[in-house]
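Start from the sequences, fold in the hints, and give me the full structure.
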Amino acid sequence: MLDKLREIAFRFQIDPDKTVGHAARISSVISVLSSINQSFQSFLEVEFFKNEDFVKAYEQSNKVLDSLKEDLELLIVDLKFSSFEAAAVPNIISPPSLFNDHVNRWKKETYEDYKENILYGDYEDPKYLRKVLDRFSDIERNQIFKPLFSAVSPERPYKLNLLNEGVKKVLKQPAKNLYSFYVPKVKKSKINESVHKIVQFYAQVRKDENGYSLSKKNIKQVYFWEELDHETYPYKPNTIAFENTVYILNKRIDCQVEFEDGMYVIQNLEYDITVWGETREEAEYSFGFTFHSLYQNFALEEDKKLSKAAILLKENLIKTVKKVINESQKS
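First residue of the sequence shown? That's 73 in the working numbering, and the numbers climb one at a time after it.
Hints in this document: simulated from the structure, not taken from any laboratory. Predicted model, so just to flag it, every value in this text is computed and none were measured. Please note that a few of the clues may not be correct.
Computed beta-carbon distance windows for the label pairs [to be verified]:
no.	residue 1	residue 2	range
1	Tyr200	Ile291	50 to 60 angstroms
2	Ile270	Lys240	36 to 46 angstroms
3	Lys289	Ile148	56 to 66 angstroms
Only pairs whose alpha carbons sit at most 25 angstroms apart, straight line, appear in this in silico BS3-like list of lysine-lysine [said to hold, decoys possible]:
no.	residue 1	residue 2
4	Lys308	Lys395
5	Lys240	Lys76
6	Lys377	Lys395
7	Lys203	Lys241
8	Lys257	Lys122
9	Lys76	Lys244
10	Lys323	Lys241
11	Lys122	Lys76
12	Lys187	Lys152
13	Lys152	Lys203
14	Lys187	Lys241
15	Lys128	Lys152
16	Lys241	Lys180
Quick reminder that beta carbons are idealized off the backbone N, C-alpha and C, glycines included.
Next comes the structure, spelled out in structure tokens:
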């Protein structure tokens, strides 16, 4: 069964610009896999609601969509670590019995549709763009293409190659004059707009035994302030949590936060971590996952199995982490 899945999987390769032996960064691998999966899941949802039978079933139970998306989660069915060449595909060979033949056929056709008409699309071709504009609404195109194009933003420290029957294609964002058609700006409802804004400022504040209070009477002078268009305030965690593991740090980790191409990007130069997410919360979650992966794979590994550079990374991680708490082991 696995061999059949490999035959129909789409293959891609992460080719970093500035790493030893073109080895892929963990953060790049995580972000690329997440972005492609998000794009595919959005495509599934769009096509789901175009099917009358599915819509009727959804009206009876909204769990139908969640179950179908979970069942079609992309799987890594082949992997070459040296260049991070991977093959991804949902399990459409042996579908579970709870779906009938009609649904199983839809699953296979929808996956092939995404692979051929979205992933392998010629984004610069006017005819292809016309088909996309006719087929998807502004919101639908935003949901499908935004995560896919974010994975290949020009700022990313790698190239993403698609490998199709021996032909290598570099997956790129379309030119700027075309990008806005694929990823149009979607107006947010004014009802959801908050009267509260994020403001960054520097001020002289009175300190008492409980620390700092930002009440008006305690602020002597404001030296500088600006309203932020996005949640790009500093990210300097002194604790990092991922699932059941919490890392208490000896020092804060300084990270840059930027908003690029509709994505929040968090970067830490000390550990060579670059992650992103559609929301700041998603980006911080990816940072936690990446730091957790670094600690588990380097700080806990024997020196004899590590390179000199990896040993230096291990020593830095050990110095930075004061304590590790595993919540799952608590009684």
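Inset, instruction - Against the structure, test the hints numbered earlier, and report the numbers of the ones violated in rising order. - result: Per hint list: 9, 10, 11, 13, 15 violated.
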